[in-house]
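One letter stands for each residue in the lines below.
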Amino acid sequence: MHKNSMFARATPYLFGALFIIGLIAPFAVYPTFLMKILCFGLFACAFNLLLGFAGLLSFGHAAFLGTAGYVCGMLVRDVGVTPEVGIIGGTVAAGLLGWVFGVLAIRRTGIYFAMITLALSQMVYFLVLQIKATGGEDGLQGVPRGNLFGIIDLSNNLSMYYLVFAVFCIGFFIIYRTINSPFGEILKAIRENEPRAISLGYDVAKFKLLAFIISASLAGMAGATKTLVFQLASLTDVHWHMSGEVVLMTLLGGLGTVLGPLIGAATVVSLQTQLADSVGSWVTVIMGVIFVLCVLLFRRGIVGELQALIRRAGIR
Amino acid sequence: MQIKKLTTLACAAAFAALSGAANAQISGNTVKVGVLTDLSGTYSDLAGSGAVLATQMAIDDFIAEAKPAFKIEMVSADHQNKADIASNKAREWFEREGVDAATELVTTSTALAVMKIAKEMNRIALMSGPASTPITNEQCNDVSVHYTYDTYALANGTAKAVTKQGGDTWFFLTADYAFGQALERDSSAVVTANGGKVLGSVRHPFPASDFSSFLLQAQASGAKIIGLANAGADTTNAIKQAAEFGITPKQSLAGLLMFISDVHSLGLKNTQGMYLTTGFYWDLNDDTRTWSKRFFDKQKRMPTMVQAGQYSSVLHYLRAVQAAGSDDSAKVMAQMKKTPINDFFAKNGQIREDGRMIHDMYLVQVKKPDESKYPWDYYHVRQTIPAAEAFQPLSESRCPLIKK
Numbered sequence: 020m021h022k023n024s025m026f027a028r029a030t031p032y033l034f035g036a037l038f039i040i041g042l043i044a045p046f047a048v049y050p051t052f053l054m055k056i057l058c059f060g061l062f063a064c065a066f067n068l069l070l071g072f073a074g075l076l077s078f079g080h081a082a083f084l085g086t087a088g089y090v091c092g093m094l095v096r097d098v099g100v101t102p103e104v105g106i107i108g109g110t111v112a113a114g115l116l117g118w119v120f121g122v123l124a125i126r127r128t129g130i131y132f133a134m135i136t137l138a139l140s141q142m143v144y145f146l147v148l149q150i151k152a153t154g155g156e157d158g159l160q161g162v163p164r165g166n167l168f169g170i171i172d173l174s175n176n177l178s179m180y181y182l183v184f185a186v187f188c189i190g191f192f193i194i195y196r197t198i199n200s201p202f203g204e205i206l207k208a209i210r211e212n213e214p215r216a217i218s219l220g221y222d223v224a225k226f227k228l229l230a231f232i233i234s235a236s237l238a239g240m241a242g243a244t245k246t247l248v249f250q251l252a253s254l255t256d257v258h259w260h261m262s263g264e265v266v267l268m269t270l271l272g273g274l275g276t277v278l279g280p281l282i283g284a285a286t287v288v289s290l291q292t293q294l295a296d297s298v299g300s301w302v303t304v305i306m307g308v309i310f311v312l313c314v315l316l317f318r319r320g321i322v323g324e325l326q327a328l329i330r331r332a333g334i335r
Numbered sequence: 047m048q049i050k051k052l053t054t055l056a057c058a059a060a061f062a063a064l065s066g067a068a069n070a071q072i073s074g075n076t077v078k079v080g081v082l083t084d085l086s087g088t089y090s091d092l093a094g095s096g097a098v099l100a101t102q103m104a105i106d107d108f109i110a111e112a113k114p115a116f117k118i119e120m121v122s123a124d125h126q127n128k129a130d131i132a133s134n135k136a137r138e139w140f141e142r143e144g145v146d147a148a149t150e151l152v153t154t155s156t157a158l159a160v161m162k163i164a165k166e167m168n169r170i171a172l173m174s175g176p177a178s179t180p181i182t183n184e185q186c187n188d189v190s191v192h193y194t195y196d197t198y199a200l201a202n203g204t205a206k207a208v209t210k211q212g213g214d215t216w217f218f219l220t221a222d223y224a225f226g227q228a229l230e231r232d233s234s235a236v237v238t239a240n241g242g243k244v245l246g247s248v249r250h251p252f253p254a255s256d257f258s259s260f261l262l263q264a265q266a267s268g269a270k271i272i273g274l275a276n277a278g279a280d281t282t283n284a285i286k287q288a289a290e291f292g293i294t295p296k297q298s299l300a301g302l303l304m305f306i307s308d309v310h311s312l313g314l315k316n317t318q319g320m321y322l323t324t325g326f327y328w329d330l331n332d333d334t335r336t337w338s339k340r341f342f343d344k345q346k347r348m349p350t351m352v353q354a355g356q357y358s359s360v361l362h363y364l365r366a367v368q369a370a371g372s373d374d375s376a377k378v379m380a381q382m383k384k385t386p387i388n389d390f391f392a393k394n395g396q397i398r399e400d401g402r403m404i405h406d407m408y409l410v411q412v413k414k415p416d417e418s419k420y421p422w423d424y425y426h427v428r429q430t431i432p433a434a435e436a437f438q439p440l441s442e443s444r445c446p447l448i449k450k
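As they're listed, the protein sequences go chains A and B.
Converting from the first sequence to my numbering requires adding 19 to each position, the first position being numbered 1.
Converting from the second sequence to my numbering requires adding 46 to each position, the first position being numbered 1.
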């Protein structure tokens, strides 16, 4: 991504405008729907950090989303901690899992990397299915939203929304800072030309591992928050479909763009919600067609194409 | 302050004046019933659009019979057998669309998810489709009714009857997840209690399509009965493959969760002689036939027990709303529990404190192809299991609502 001065100047305004929209949105749109978009948006952004900026295609990100969801659910429901502790617990669990996955997976690249992450995440799926504590195919039901810091009642949808919004902003800020730091620049260098980065003296494996852990933790943060919103962690969250869905969200929105994954997540979630009533399980087929069209016709994704359009229009 | 109070009073007075006396308690003067079911997946045959039709029939019949002063609306959605979709949809219905009762809810995981949300939002969940017993045990609550059947009743009916009729050695083919394991456990207990012996069991992954190695193990066990502790496509696949391997009719299969729609799609040739337990059979008596023919005219299929139970539960709910003069969940639940259910589906059915609706169940045997005289003539009714015996007794209940 080459720096465009127009973008650089416009970015703070754009983010400011989005932030304000985020603040007033729940008064116009159904808050639970918005919370779903934000959770998946954060998940996709976390995934994008890995694929878009480090060039690592993980096909096992559902494991982080799901594990954090289950850990958070169990902490809040069975141990009885407050929601913020649950989210932190879930995030840490996903980070640790990410470390294990990362150490094993980053030894290989390309398709082998993807397959290793897929295999590991299928193991997690199997564990979740078989362990008694996770409720098997019934999922982890009846997770209370609880009181934030023990004070604010989250069963109110508006307070829950602002918590989710805050979590999203924190996650997004972490990602934004990571991308725009020297660390992020090195990640991009590794993505573009790994041997060259090695020859420049960078310990590539270490950078990749760290990126993997950050991505996994943030995916976990999204998963933990999602569990609180829906008061449920289910097998859907750890299933490989979910790993595929996040790829779709990211590609549709714009791989390697900062806002793309959020837009992609919003598009996919809206489509799923709209289509669920009219076509049921055919949603999967329609999503597949959209994916194919996206790959064939607008490979840069929604945000990517928009950026290219602006650039072509010659605004500098 | 004074003015505010006065305005509140005035508003309340105006509101009271506007709403009629008979239906003062019904929010928006509308009772809204939501049908949340599987409209496109594995269970769409046994519940699905048939359940939506049954709901509409119940609403139409109720309007004709009671001429209610309130309006009744129905919404339906496909939960795709996923707990997260079901929970999202139910939440949206309760929060935004003013749905008073979420109904049907086939698949235990979706049912459990929706029950929780119904409890939280103080609405009602009427469950006709799901099977597992935790719904009225560990997970029970006071706004939920489990209507048609459950795994206890199925295991109790089928396993007991088969064991008593000489099928005293069993081998289980079990879907390897909580539901299958529970069904195997319940059934094993029944087999042993009735003097039978369980020779072994094999767990197959869920879902599975190739049952050959599992069936061969079952064959090698030499058990007289192979108990199928699975459901839906797993059961039908296992039955088909057992016929191909020539396991049946030397050994008999016992389908522990089977619906008339499964028998219909497998054909009598593959299922003849099997015992199964059902809460409803369309060809029981004149009442069931009359209703089922009405259903058949619209759906071109005979109703399953889930669809018949769905009609009955919605009708019972609407009658309770009318009688209570309110759509307040506590009042309607009290009314529903206090009134016995008498319609074509259940005779003297009763909703217990734990939410379990108890009614007579039927042990049936699938007819041989040459015994079937007309379309959908599939079952010999071998035994009526009285309500009191069919379901788990309250003394064994693990529901916290039951005070012992």
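Check before you lean on any hint, since a few could be wrong.
Listed below are the simulated DSS-like cross-link pairs for lysine-lysine, each with C-alpha atoms no more than 30 Å apart in a straight line [said to hold, decoys possible]:
no., chain 1, residue 1, chain 2, residue 2
1, B, Lys384, A, Lys151
2, B, Lys346, A, Lys151
3, B, Lys414, B, Lys210
4, B, Lys315, B, Lys346
5, B, Lys78, A, Lys151
6, B, Lys315, B, Lys384
7, B, Lys315, B, Lys419
8, B, Lys165, B, Lys78
9, B, Lys414, B, Lys449
Worth flagging that the hints you see were computed from the coordinates, not collected in a lab.
Against which earlier hints does the structure fall short, listed by number upward? Result: hints 1, 2, 5, 6, 9 break, sorted rising.
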